[in-house]
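Asks: Here's the letter readout for the chains.
Number of protein chains: 2
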Amino acid sequence: MELNVRQKKIIEIVKENQPITGEDIAKKLGLTRATLRPDLSVLTMSKILDARPRVGYFYVGTKTNEGLLKFLKESPVKDVGSLPIVIAEGKSVYEAIVTLFLEDVGTIYVVKDSYLSGVISRKDLLKTSIGNKDLNTIPVEMVMTRLSHIVYVNEDDSIYEAISKILTYEIDSLPIVTAHDVNKLEVVGRFTKTNISRLLMEFANGN
Amino acid sequence: MELNVRQKKIIEIVKENQPITGEDIAKKLGLTRATLRPDLSVLTMSKILDARPRVGYFYVGTKTNEGLLKFLKESPVKDVGSLPIVIAEGKSVYEAIVTLFLEDVGTIYVVKDSYLSGVISRKDLLKTSIGNKDLNTIPVEMVMTRLSHIVYVNEDDSIYEAISKILTYEIDSLPIVTAHDVNKLEVVGRFTKTNISRLLMEFANGN
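These protein sequences, in sequence, are chains A and B.
In terms of full-length UniProt numbering, the first sequence opens at residue 1 and continues consecutively.
In terms of full-length UniProt numbering, the second sequence opens at residue 1 and continues consecutively.
Among the clues, some could well be false.
One copy or two, it doesn't matter: identical chains are merged, so the pair holds either way.
[Claimed, not checked] Distance condition first, Cα-Cα at most 20 Å in a straight line; then the derived EDC-like pairs of lysine to aspartate or glutamate:
| id | residue 1 | residue 2 |
| --- | --- | --- |
| 1 | Lys112 | Glu89 |
| 2 | Lys123 | Asp172 |
| 3 | Lys70 | Glu161 |
| 4 | Lys91 | Glu12 |
| 5 | Lys73 | Glu202 |
| 6 | Lys184 | Asp134 |
| 7 | Lys9 | Glu202 |
| 8 | Lys127 | Asp104 |
| 9 | Lys123 | Asp104 |
| 10 | Lys123 | Glu95 |
| 11 | Lys123 | Glu103 |
| 12 | Lys28 | Asp50 |
| 13 | Lys70 | Glu202 |
| 14 | Lys165 | Asp79 |
| 15 | Lys15 | Glu170 |
| 16 | Lys47 | Glu74 |
These are calculated hints, taken from the structure and not from any lab test.
Required output: the full structure, derived from the provided sequences and hints.
Replies: The structure is reproduced here in C-alpha cells:
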C-alpha cells in the first residue's frame, strides 16, 4: 500500500501514456528496464497496473476506487456522523471528566447559549488534572481550545473534506455544525475516526 | 450507507437470482411491489443495484469494492502500522504521561524484559491523575490494562482482522506483535484509527 516515490512516478507516467511498455517507462525515468522490474511487479501484483504482453502497461487503479471516491465526495458528513456530546460553559473540569467517562467519548464540545465555544480533549483534561487539586473549581472555558482555533465541518461538507481535515490537523474528531452566523455555530454532530473506520469496512463489505 | 434489514435481504436475493424483476423480488419477500419501491430506489440510487428496463435488477455493489476487500484481507497489518511507543514496567505514571505528550500518541505499551505486559490509554492516565497527588510514586503496572485483557494482532494477521478488532472492542489502537510464545509477545508496531483513515483516503485516491 505504501508506494515509494518511484512507483508513484511510474503510475503518473502510465496514466498519461497508456498503453506504454516497460522499456518506454524506463526511458522516461532515465533508468534501465531491469532497475524498474521490482517496482513494476509490485504495481501489477497490487492491481494498480495491468500488463498485457506486447502491448504494455495500463492503469487500472482508479477504476476500483471511483465508486468510493464519488461516495466520499458527494455524501454530506452529516449523513454518517455521530451524536455530539456537549457541556455548557461554566461547568467544571471535573464535570467534563465525568461526562467523558459516562459517555465514553474522546472529545467534548463546550457550548455557550447553545453555540459552539470550545473543544475539550482527553489530553486537555489530563494536562489540567496533573497537579491541580480541585478540578471542581476550574471552569471548562479555562482549559478548552477556543472557537477561533477549532477545526470543524459544516453539515453539508463532504465526508471527503471531513476526513482530509482530520488527517491534516491530526485530530481525533470534528464537530459538525450548522452555521447560523460567523460565530454562531450550532453543534449538530461529531465526525470521528471510528466513523471513518466503519465507512471503510462497510464499503469493503459492499453495504 | 446504513441499509435497513429489508434492503439487505433484497441485496441477497438479487445476488442469487440476478437479473430479477421487482415483481419477483416482492414475491420472494411476500410483499407487494409498491411496498418495495422506496427500498429499491435507495439501492439503485446508491449504485448498489442497477435496474435495466424489462430485464430486472443487477447487483453491482461488490464490483466496486472487491479490490478493497481483497487488499484488506490479503495484506498483513504490519505493512501499514506505525511505530509502537513503549515504556518499561517500573517507570512511573508521571513518566508515562510525559511520554504520551512528547510522542503525541493515544496509547503506550508497557513492556517487561522487552515483552508486552500492559497497555496504558489516555483514559487510564486521566483516571489516575484525578486526586492522586504524586504521580511519580505510582508505577505504570498499577494502572495499565494487563496482558490477559489486551486485544492485539499478530504481525501477519490481515488489515481486515485488525480493523474488525478495533471496531468490535471499541478501542483506539492495537499493538502489533510477534509471538515468541504464549506470553512472550514482542511489540513490533501499533495499528491505529489514523492508519485506517489514511488507508481509506489512499484507496479512494487510487494510490
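Asks: Compare the structure with each hint and give your call.
Replies: Quick rundown of the hints versus the structure:
no. : hint             : in the structure
1   : Lys112 to Glu89  : within (6 Å within a copy, 44 Å between copies)
2   : Lys123 to Asp172 : both (11 Å within a copy, 14 Å between copies)
3   : Lys70 to Glu161  : within (12 Å within a copy, 26 Å between copies)
4   : Lys91 to Glu12   : neither (54 Å within a copy, 49 Å between copies)
5   : Lys73 to Glu202  : both (16 Å within a copy, 14 Å between copies)
6   : Lys184 to Asp134 : neither (32 Å within a copy, 42 Å between copies)
7   : Lys9 to Glu202   : between (31 Å within a copy, 16 Å between copies)
8   : Lys127 to Asp104 : both (19 Å within a copy, 13 Å between copies)
9   : Lys123 to Asp104 : both (15 Å within a copy, 10 Å between copies)
10  : Lys123 to Glu95  : both (15 Å within a copy, 15 Å between copies)
11  : Lys123 to Glu103 : both (17 Å within a copy, 13 Å between copies)
12  : Lys28 to Asp50   : within (19 Å within a copy, 41 Å between copies)
13  : Lys70 to Glu202  : both (15 Å within a copy, 14 Å between copies)
14  : Lys165 to Asp79  : within (17 Å within a copy, 24 Å between copies)
15  : Lys15 to Glu170  : neither (31 Å within a copy, 40 Å between copies)
16  : Lys47 to Glu74   : between (26 Å within a copy, 13 Å between copies)
Hints 4, 6, 15 from the list above are not met by this structure, while the remaining hints are.
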